[in-house]
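Enquirer: Keeping the supplied structure of chain A fixed, place chain B upon it in accordance with the hints.
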Amino acid sequence: MQNELLVVVIVFLPIFGAFFLPLIGSANEKMRNIFALLMVVTAFLASLMLLPEVMRGTVISVSFPFIPALGLFHADLLAVFMAIVSSMVGSIIILYSFEYISHYENRNEYYFMVVLFLGAMMGLVFSRNLLFLYLFWEITAIVCWRLIGFFREKKYVLMADKAFIVTVFGALMMLIGFLMIYEQAGSFDLGTIKENMKGTPISNVAVFFILFGIFSKSATLPLHTWLPDAGVAPSPVTALLHAAVLVKIGVYVFARLFVATLVLDDIWHTLVPFIAAVSALITAGAAFIETDIKRIIAYSTISQLGFILLGLSVNTELGIAGGLLYILMHGIAKGGLFLCAGIVEQKTKVKDITQLGGLITTMPITAISFLFCAFSVMGIPPFGGFFSKYMVVAGAVQGGHPIIALVFLIGAIMTILYLFRLFNLVFLGELRLDRSEGSSVMTVSVFLLAILSLAGGIFVSYPAEVARTAVVQALELVK
Amino acid sequence: MMEYLLILPIFIPLIAGLLAVVEINHKNYIREAISLLAVAANLIVTYALFDKKYAFSIPWAGFGMDISLRIYHFSAFILLASAAVAALIALYSIMFMNGREKNNYFYLYFMLTLSFTNGAVLAENLILMLFFWEGLLAVLLGFIAIGGKGSFKTALKAFVIIGVSDLCLMFGIALTYSLCGTLNMSEVTLPMTFMGGVAFISLMLGAISKAGSMPFHSWIPDAANDAPLPFMALIPAALEKFLGIYFLSRICLDMYKIEHGSPLSITVMTIGAITILAAVMMALIQKDYKKLLSYHAISQVGYMVLGIGTAVPVGIVGGIFHMLNHVLYKSCLFLTGGSVERQAGTTDLSKLGGLGKKMPVTFGCFLVAALSISGVPPFNGFFSKELVYDGALESGTVFYIAAVCGSFLTAASFLKLGHAAFLGKEQPVFSKLKEAPLLMLIPMLTLAGLCILFGVYNPLPLHTLIQPILGARLEGHDFAGLPTNLFLVIATVAVLALAVINHIWGYRRTGSAIKAVDHIHYAPLLHGLYDRAERKFFDPYDVGLKLVNILALSAWRIDRAIDYFYTKIVVGFTQAASGSIKACHTGSHATYIVWTVVGLSCMIYYVAFR
Chain A
0 MQNELLVVVI VFLPIFGAFF LPLIGSANEK MRNIFALLMV VTAFLASLML LPEVMRGTVI
60 SVSFPFIPAL GLFHADLLAV FMAIVSSMVG SIIILYSFEY ISHYENRNEY YFMVVLFLGA
120 MMGLVFSRNL LFLYLFWEIT AIVCWRLIGF FREKKYVLMA DKAFIVTVFG ALMMLIGFLM
180 IYEQAGSFDL GTIKENMKGT PISNVAVFFI LFGIFSKSAT LPLHTWLPDA GVAPSPVTAL
240 LHAAVLVKIG VYVFARLFVA TLVLDDIWHT LVPFIAAVSA LITAGAAFIE TDIKRIIAYS
300 TISQLGFILL GLSVNTELGI AGGLLYILMH GIAKGGLFLC AGIVEQKTKV KDITQLGGLI
360 TTMPITAISF LFCAFSVMGI PPFGGFFSKY MVVAGAVQGG HPIIALVFLI GAIMTILYLF
420 RLFNLVFLGE LRLDRSEGSS VMTVSVFLLA ILSLAGGIFV SYPAEVARTA VVQALELVK
Chain B
0 MMEYLLILPI FIPLIAGLLA VVEINHKNYI REAISLLAVA ANLIVTYALF DKKYAFSIPW
60 AGFGMDISLR IYHFSAFILL ASAAVAALIA LYSIMFMNGR EKNNYFYLYF MLTLSFTNGA
120 VLAENLILML FFWEGLLAVL LGFIAIGGKG SFKTALKAFV IIGVSDLCLM FGIALTYSLC
180 GTLNMSEVTL PMTFMGGVAF ISLMLGAISK AGSMPFHSWI PDAANDAPLP FMALIPAALE
240 KFLGIYFLSR ICLDMYKIEH GSPLSITVMT IGAITILAAV MMALIQKDYK KLLSYHAISQ
300 VGYMVLGIGT AVPVGIVGGI FHMLNHVLYK SCLFLTGGSV ERQAGTTDLS KLGGLGKKMP
360 VTFGCFLVAA LSISGVPPFN GFFSKELVYD GALESGTVFY IAAVCGSFLT AASFLKLGHA
420 AFLGKEQPVF SKLKEAPLLM LIPMLTLAGL CILFGVYNPL PLHTLIQPIL GARLEGHDFA
480 GLPTNLFLVI ATVAVLALAV INHIWGYRRT GSAIKAVDHI HYAPLLHGLY DRAERKFFDP
540 YDVGLKLVNI LALSAWRIDR AIDYFYTKIV VGFTQAASGS IKACHTGSHA TYIVWTVVGL
600 SCMIYYVAFR
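For the protein sequence lines, the chains are A and B, in the order given.
Numbered per numbering that gives the first Met the number 0, the first sequence spans residues 0 to 478.
Numbered per numbering that gives the first Met the number 0, the second sequence spans residues 0 to 609.
No lab work stands behind these hints, which were simulated from the structure alone.
Treat the hints with caution; some may be incorrect.
Below, computed lysine to aspartate or glutamate pairings styled on DMTMM-like, alpha-carbon distance capped at 25 Å [claimed, not checked]:
id, chain 1, residue 1, chain 2, residue 2
1, B, K148, A, E108
2, B, K581, A, D160
3, B, K156, A, E429
4, B, K101, A, D433
5, B, K101, B, E340
6, B, K545, A, D351
7, B, K545, A, D291
Not the full set, but computed from the structure, chain A residues with beta-carbon under 7 Å of chain B [stated by the list, open to error]:
id, residue
8, F34
9, M196
10, G198
11, T224
12, F374
13, A393
14, L427
15, R431
16, V459
17, S460
18, A463
19, V471
20, L474
Covered stretches of chain A, as calculated for chain B (at least 3 residues, CB under 8 Å) [claimed, not checked]:
id, segment
21, 287-295
22, 315-322
23, 336-347
Only a predicted model underlies this, so the values are computations on that prediction, with no experimental measurement involved.
Built from N, CA and C at the ideal position, the CB exists for glycine as well.
One chain only, chain A, in its complex shape (with noise of 0.2 Å):
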């Protein structure tokens, strides 16, 4: 019981209380941003809590009050890693919040949907049903909507326009592909459609209507140019949305659809590889060229979360496990770099990074932060990167695709180029810009999330376990 109390409360926490945010925001601002902060701890430490259960191998299922036969959420091993690494990721950027959007309008309006979403994210992960899944989902999106055009310009709106029309129209194609997934297994219940399909692949028509949804949220080829144009959203929104947080929806319902709920068709375990490949190729090439410091970051996740989507689809045990672990450790390390590139920004008020140069004298902390995540997500060990990208390549290879794990190869020299020619534009070279190191609270939580990438490296051994242990038990419970 105390059990699913708590899966209950990391979901609607969050949610509710994001209302009452904007009005304690009237009140006290400090007590906001208090709050705020403590909603979503709350949901990281309940998330750990629920953590030893899960590792052995209990679900934890919550149903409707009064109907015990509509299951609302339930909490497996996947469900909870995901919702750590969210949440744990979310709480740093609350932090760093708190002074970046200082300097802005429209605060109330900003916690509240920085809060929302995170509670949606919650409901989505630990979603049972796949209407309840699709409802979260686009929950996600709204916000999302709001927060890329949280400036208000009109350009900006446009922008925001663009990430909502691409990622709704591949949520409703999702939803077509949800709903002949219940032609076919009679039911939207997670659980039963499990019991219902054991063993036979799922029609091929469904997961093509439901790639559109995953891809377009997840950024991938040719479904992922509103990525780099969210950038005008203010930085800790583009470091929880575009980096940590929303992109990995998209990846995680893969996850939890076709790896831990369903059969895939043979063919898909070499085509989406193959997209997957494609799409970390040609935009690891467009972040060599690009010259907006965020743009470029953008396009580095779109490229990154190609690993991801690599790992997850080539159906070995050692892949899938590196795709996740690649979700925890991508998720810390470019959360790190959007932040940092948010106090360059800010302090600077510059994003192309042909005018800048040199920051590493005034700006030591937020040079050397970034410079710790960039290693990670380099895959240089011994950061935590370096582990999730041998991961995903062995499963690669492991899964009989040899050719496509040397195209991400290609992609991971691609990385390196690219993070370091932005690393030496922004802060190696002369002086252009002579400004001062960016305020405690902000450089404290990029400095975090460096040490939480070397960390990550270091006692691997921990989220490893976690992440080996998921993928053990989802299997077991498919086959």
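Expert: Coordinates of chain B only, in the frame set by chain A:
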């Protein structure tokens, strides 16, 4: 419990490095004391572990990834040798680095390098090895970058080049795991299939590029200019050679049964032979002390790769022996370069001259090391080169000729270097020049002494260190003592004599030691090649960057085209569609009635006749 002692060589330098970087007091030499203590402790520990056979394994990240360390005679040998070299260079660095900026980072990177190298050598699990191996990358970046202004560019070049090769290695390890189902080096046996060969090549590329072989070499000469000198003596000259050749031997001996005369063996030997020749050709025309040495650091790897690539016992023993010898004389040479740099303030050969009288000890050490690297009997380089020649001759005359030509050019370039720097007319600016301080001389003298010892009494290294590695593959041979093949010895001596004649002739012709090899530099065909090489035409890094730029630009165009589809075509189509529908809504009732009738008849048609 004793097996957990194996973590000491990893953690002692690691902790010392972290202590050294936080110690900010410049005056008390605490930082130097910490690092000296650490290298001394490391040396003692590795010596104590030398004849031990310990192994342990604790689970790590699953999927075959364990923290497993193992020491046996091969890894113990590499461990001890790198500990010794590191100790000598740390001693040397105290005076050399004294008073320089970013001194604390120097010791941090020094210690981290040592720690990671020890880790990579001790690792039994391939992923653990890659963890340390690739971890050196970030350290390398920092180590070169503290060299001063502009050095970050070189650091980045090194990072990218080594990064690419490390990704090759990662791919090889991934393949190995999928082929063998294990990552423990002593259990891995790659199948003799196509995929097995691909795995071998990927692993091999990672190994030889760590050793500095072509085509992953071009950062080394740049680093010679930019990085602090002890870096050169420590990393490209010593530790990376140990690591790379150690792993190459492990692949060729344990993991994949490479056969004499097989295509893979020929591939490896070809890489070796090309590396020998191309790098030494570049070394010949250098006009800077350190840069000339750095090209030799590349060229000499060729001998090791060639020797191991032959896959015959004599070649393998020669290759590994050459690795050891190379570390001794090349570190020594770099250190002499350092004392010249510190005392004379420059390493530009055109500004040096006649230093031999002012710095006799440095000159003496240089002489010993130069004779060793040129393969003059009875110094150590002679014996290992003879073994490599023997193996090469067995595998194909072409390889032998390449190796011997390499020797000729090596000798020629060292005659040029020694003559230009230490002999000849004394430059007036150097009239008050003094010999380097004692703390710098001790390491040089030790290394030079070892060069002589390992030559004159070569059973010592061969019997205790190298031949046990091959074990049964040795087939009862013993390669200690004098070379058995008299023809090879005569040929070597003849080639060396030719090099001397060539130098004297060149010197007489031009009247200058630096220009003594100009007749080769400006020879009809070579002239053009040299010209292009100096403009970095053949630098794989620059060529690669150009390719990446083209690739990236076309990728970006594709991306923009996709975006154009959304922002222009989709929007345009939607606007056109809604525009035409809007145009239909004219407000005229007559039109609407027509629409209604048409629609209604369609429905009736559908219901009635479908």
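Enquirer: Against each hint, give a clear statement of whether it holds in the structure.
Expert: Outcome of the hint check:
no. : hint              : result
1   : K148/B <-> E108/A : violated (48 Å)
2   : K581/B <-> D160/A : holds (22 Å)
3   : K156/B <-> E429/A : holds (20 Å)
4   : K101/B <-> D433/A : holds (23 Å)
5   : K101/B <-> E340/B : holds (19 Å)
6   : K545/B <-> D351/A : holds (23 Å)
7   : K545/B <-> D291/A : holds (22 Å)
8   : F34               : violated (38 Å)
9   : M196              : violated (28 Å)
10  : G198              : violated (25 Å)
11  : T224              : holds (4 Å)
12  : F374              : holds (6 Å)
13  : A393              : holds (4 Å)
14  : L427              : holds (6 Å)
15  : R431              : violated (17 Å)
16  : V459              : holds (5 Å)
17  : S460              : holds (5 Å)
18  : A463              : holds (4 Å)
19  : V471              : violated (9 Å)
20  : L474              : violated (14 Å)
21  : 287-295           : holds (count 3)
22  : 315-322           : holds (count 3)
23  : 336-347           : violated (count 0)
Checked against the numbered hints above, the structure violates hints 1, 8, 9, 10, 15, 19, 20 and 23; every other hint is satisfied.
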